[in-house]
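**Student:** With the hints as extra help, turn the sequences into a complete structure.
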Amino acid sequence: MSAKSDITLTINGRAHAIHVEPRRTLADAIREDCGQTGTHIGCEHGICGACTVIVDGEPVRSCLMFAVQAAGKKIGTVEGLANGDTLHPMQQAFMDHHGLQCGFCTPGFLMLAVGVLEREPDISDDDLLDVLSSNLCRCTGYQNIIKAVRAAAKTMRGK
Amino acid sequence: MTAKFVGRSVPRLEDRPLLLGQGRFAADISFPGQWHMRVVRSGIAHGKIKSIDASATLKLPGVHAVWTAADIAHIPPIPFRLTGLKTLEPYRQPVLAKDVVRYVGDPVAAVFAENAYLAEDAADLVTLDIEQRRATMLATEQPGFYEHDRSTEAGVLQKTYGDVDAAFRGAHAVISLELAIGRHSGVPMETRGAIARYDEANDILEMHGAAKVPHWNRDTLAQMLGRKRESVQLFEGHVGGGFGVRGEIYPEDVLVCAAALKFRKPIKWIEDRREHLVAANHSREQQHKIRAAIDKDGHILAIDDVFFHDNGAYMRTHAATVPDLTAAMLPGPYRIPAYRATGHIRLTNKTPCGTYRAPGRYESSFVRERLLDAIAAKVGMDKIDIRRRNLIGKSAMPYALGLDTLGTKIVYDSGDYTALLDKALALSDWKNLQANLKRRRAAGEKAGCGIAMFVEKSGLGPFDTVRIDVKSDGTVEVITGVASLGQGVETAVAQICADALGVNYSNIKVVHGQTDRIDKGMGAFASRVTVMCGEATRLAAVKLRAELLETAAELMQTKAELLDIVDEQIVRRDRSSGPSMPLAELARAHPGGLSAEATFESVHMVYPYGVHIASVRLDADTGGVTIERYVIAYDIGKAVNPKLVEGQIAGGVAQGIGGALFEEFLYDENGEPLSVTFADYLMPTAREIPELSILVTEDAPSPLNPLGLKGAGEGGANPVGAAIASAIDDALGRPGAITRLPISPQRLKAILNQGGRDGRN
Chain A
1 MSAKSDITLT INGRAHAIHV EPRRTLADAI REDCGQTGTH IGCEHGICGA
51 CTVIVDGEPV RSCLMFAVQA AGKKIGTVEG LANGDTLHPM QQAFMDHHGL
101 QCGFCTPGFL MLAVGVLERE PDISDDDLLD VLSSNLCRCT GYQNIIKAVR
151 AAAKTMRGK
Chain B
1 MTAKFVGRSV PRLEDRPLLL GQGRFAADIS FPGQWHMRVV RSGIAHGKIK
51 SIDASATLKL PGVHAVWTAA DIAHIPPIPF RLTGLKTLEP YRQPVLAKDV
101 VRYVGDPVAA VFAENAYLAE DAADLVTLDI EQRRATMLAT EQPGFYEHDR
151 STEAGVLQKT YGDVDAAFRG AHAVISLELA IGRHSGVPME TRGAIARYDE
201 ANDILEMHGA AKVPHWNRDT LAQMLGRKRE SVQLFEGHVG GGFGVRGEIY
251 PEDVLVCAAA LKFRKPIKWI EDRREHLVAA NHSREQQHKI RAAIDKDGHI
301 LAIDDVFFHD NGAYMRTHAA TVPDLTAAML PGPYRIPAYR ATGHIRLTNK
351 TPCGTYRAPG RYESSFVRER LLDAIAAKVG MDKIDIRRRN LIGKSAMPYA
401 LGLDTLGTKI VYDSGDYTAL LDKALALSDW KNLQANLKRR RAAGEKAGCG
451 IAMFVEKSGL GPFDTVRIDV KSDGTVEVIT GVASLGQGVE TAVAQICADA
501 LGVNYSNIKV VHGQTDRIDK GMGAFASRVT VMCGEATRLA AVKLRAELLE
551 TAAELMQTKA ELLDIVDEQI VRRDRSSGPS MPLAELARAH PGGLSAEATF
601 ESVHMVYPYG VHIASVRLDA DTGGVTIERY VIAYDIGKAV NPKLVEGQIA
651 GGVAQGIGGA LFEEFLYDEN GEPLSVTFAD YLMPTAREIP ELSILVTEDA
701 PSPLNPLGLK GAGEGGANPV GAAIASAIDD ALGRPGAITR LPISPQRLKA
751 ILNQGGRDGR N
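If you read the protein sequences in the order shown, they are chains A and B. This note's numbering numbers the first residue of the first sequence as 1 and each following residue consecutively. This note's numbering numbers the first residue of the second sequence as 1 and each following residue consecutively.
Hints are computed from structural coordinates only; laboratory data are not their basis. Computed from a predicted model, the values in this text were never measured in an experiment. Glycine included, every Cβ here is placed at the ideal spot set by N, Cα and C. Please note: incorrect hints may appear among the correct ones.
Said to hold, decoys possible - Below are the BS3-like pairs computed for lysine-lysine, each with C-alpha atoms no more than 25 Å apart in a straight line: (1) B/K431 <-> B/K471; (2) B/K378 <-> B/K289; (3) A/K147 <-> B/K643; (4) B/K378 <-> B/K438; (5) B/K643 <-> A/K154; (6) B/K378 <-> B/K431; (7) B/K471 <-> B/K543; (8) B/K643 <-> B/K509; (9) B/K59 <-> A/K4.
Stated by the list, open to error - Part of the chain A face toward chain B, derived, beta carbon under 10 Å: (10) A50; (11) N135; (12) L136.
**Tutor:** Rendered as structure tokens:
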């Protein structure tokens, strides 16, 4: 509805020059303009957390941020977690603990958990539960997600 | 067949792409030159459409077209898929509302534009002039007029056996309850989506974003659009949860297909969350008036239930499925000599309804188990003893209930309900739990424990067909007509195939949800896939194995019975060493392909059964409920992958807890929906779901298939409302206090206050 601007989004270390309206959400820009569809949109009002990405080290709901606000910042998405063929410890833990079923909420949970553990590796179990309760999952009943994240936290601390 | 994979918790084949962000969900699918569709929905619950003005919309650059009912007058209403009683047909939903809107969210127009943002702007500019009418908001009120002389009572169904009236006349006592289940639904994390395109060169209409029942939907869409079924193909990608809601034919699916044909452009529609909460199927809302006749020892002599099923504004694809299952499954695991259920199917001005995980059973288990608790209170018996006294015995199996549903007679195929009850009690440490709760209550805490038992159904036929191909690289492809909603179909089917064929499950690719790969398919609902498709897979694999061994025997100049397939190698049975042949080599020697097809037919469903035990603590100040412990014992005959089974149960319990304590679609008196965001419609988070104790048993394999399989998808959800209500009663020290779900903090607080006033608490 208003003039588009040229911005650069840096996603997983790669620069994407895009041309977007000011109102375009970061989630839409990542998915539609940069072609990274691993970030999912579940509610578009900041509650479900499926669209969680890491912006300058902080887990962020990309549906509540405009793309233009993320220009020049470092954005991490689920596509950047694995190292070649080797899964990130968080991804591996989700597989080992059956922490996903349909997999739609999974990228959001992975980015939320990784983002928090990178900042706060020694987070207490109870605080971790608080963090995880900020995203919604409809398939697993959460217990396997919690187990997976706790297991990955251990592995990540051991690195 | 050696069980190398079946019965083991092997990792899922599905996980890797999903973890890497490489899933292909509906919104991930795009085609060059696509247009985006936005649906214009009624903001009024009931009214007459006077005019629809799209002139401002059409002036916006990038807006291509606006459709109203007149543009698709040739398309009939959406037909029924299940339980389609003739009397319900006039209540089917049109693709776009023509003269009358019947709920907030009713599609009245569709806007097609260059991109999704523009389509949404454009839809806002469509002006609707609707003359408001009185909205019917309660299914229990006297039926009014739906249209002309047609009643808002679309039908009445009755299921009965035995002499109910005589049993009530001779009863020692009669217990009557009025109970209600709130309106809630599956609400998958992925909203719906549909992308259609027309392939002019091959005259094929494609729809992507299909789920659950692609073959049925293909046939139906073809019929609705006047095309040959072969010229319509549906493609299922990843599906972000189904739960009964996703994958039925909705107006939007028809619209994208019709528009792709008309405009010769790919048409993409992705639902937003607010739309989902008013447009996708709701479920569960029922009111029951139930009576039990009992003898002096608490034996049930008869049950008579009258219920009002609120189906919302239209009868959608499920038609009478939910009320039918409610009436048919209400008896549960108990011996009930005479039974009558009368279901009033009523239309209101709310979102139309369909199935949601354990449809009709979440509702009827709540009602039945509340009744059992009430009988216990009436005769002064323990909750456990009253159940034990009325359970159907193991020796009565198979047990013909005398009712039917979904076109099948209900015959409980196998079960030892008492034994499972004992196991569940042992797992919960019932005696100590009771003693402990008693101490805590004496100390002023409001803590209690509840129990619920149930029978599930699964494995609905009538058939499933599977073809298995061996590719030239030695990999195996299993082509099925089922679908995956994220439950682990590929892994479970691969495990069954692997054992029967003699290959590693991770070398098996399972195809599902692609109508161009197999001609017929029943899809994924009613916990049917592992049972029906699993057995069809086993049959096809056994056949293929025989064919592979015959073929190999010729090449290896020996007899087939001397050969075996182990880890993708054809080996000699009679020697531990010696020549062997890789499956890939055998396949390459037969460029025509090596494949086998088999069909499994079944006229009866299979019936898993279970026990849930909940312990809760109430907060008297806030009305909040904390679930301290939750125990589930579930017998599914044979668990193909125990970890996935437990995952199914855990997910079901969480949804059950949502419906018991938090989730409800509320409306104001004019039919304005009040639960249109995740801030209003409260789904449980990691904070609300306790750690579960899950016991999966295999004591009663089904006699109806060789592996003994029963479905695992719905037993997690089925009796959760019942178990939690029972636990809250116990915590309150007031049997029968809970009469409706969800038990929201406001409702519980009101009950607590009321208890304080009348001195019962």
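**Student:** Return the status of the interface hint for A/N135: holds when the least beta-carbon distance to chain B is below 10 Å, violated otherwise.
**Tutor:** holds (8 Å)
**Student:** With a cut-off of 10 Å, does the beta carbon of A/A50 approach a beta carbon of chain B closely enough for the hint to hold?
**Tutor:** Constraint on A/A50 satisfied, holds at 6 Å.
**Student:** Below or equal to 25 Å on CA atoms is what counts here, so check A/K147 against B/K643.
**Tutor:** Distance ~14 Å between A/K147 and B/K643 Cα, so the pair holds.
**Student:** Decide if the proposed pair is consistent with the structure: B/K378 and B/K289, CA atoms, cutoff 25 Å inclusive.
**Tutor:** Between B/K378 and B/K289 the Cα gap is close to 17 Å, so the pair holds against 25 Å.
**Student:** For the hint on A/L136, just tell me whether its beta-carbon gets within less than 10 Å of chain B.
**Tutor:** holds (6 Å)
**Student:** Tell me if the straight-line CA distance from B/K59 to A/K4 falls inside 25 Å.
**Tutor:** Roughly 21 Å between the alpha carbons, so the hint for B/K59 and A/K4 holds.
**Student:** Is B/K378 close enough to B/K438, meaning Cα to Cα at most 25 Å?
**Tutor:** Status holds; Cα separation ~21 Å.
**Student:** Regarding the pair B/K643 and B/K509, is the alpha-carbon distance no greater than 25 Å?
**Tutor:** holds (20 Å)
**Student:** Can you confirm whether the C-alpha distance between B/K431 and B/K471 stays at or below 25 Å?
**Tutor:** violated (58 Å)
**Student:** Going straight from one Cα to the other, do B/K471 and B/K543 come out at no more than 25 Å?
**Tutor:** holds (16 Å)
**Student:** Below or equal to 25 Å on CA atoms is what counts here, so check B/K643 against A/K154.
**Tutor:** The hint holds at about 22 Å.
**Student:** Given the hint that B/K378 pairs with B/K431, test it: the Cα-Cα distance must not exceed 25 Å.
**Tutor:** Holds, at roughly 22 Å.
Against the hints set out earlier in the document, a violation occurs for number 1 only.
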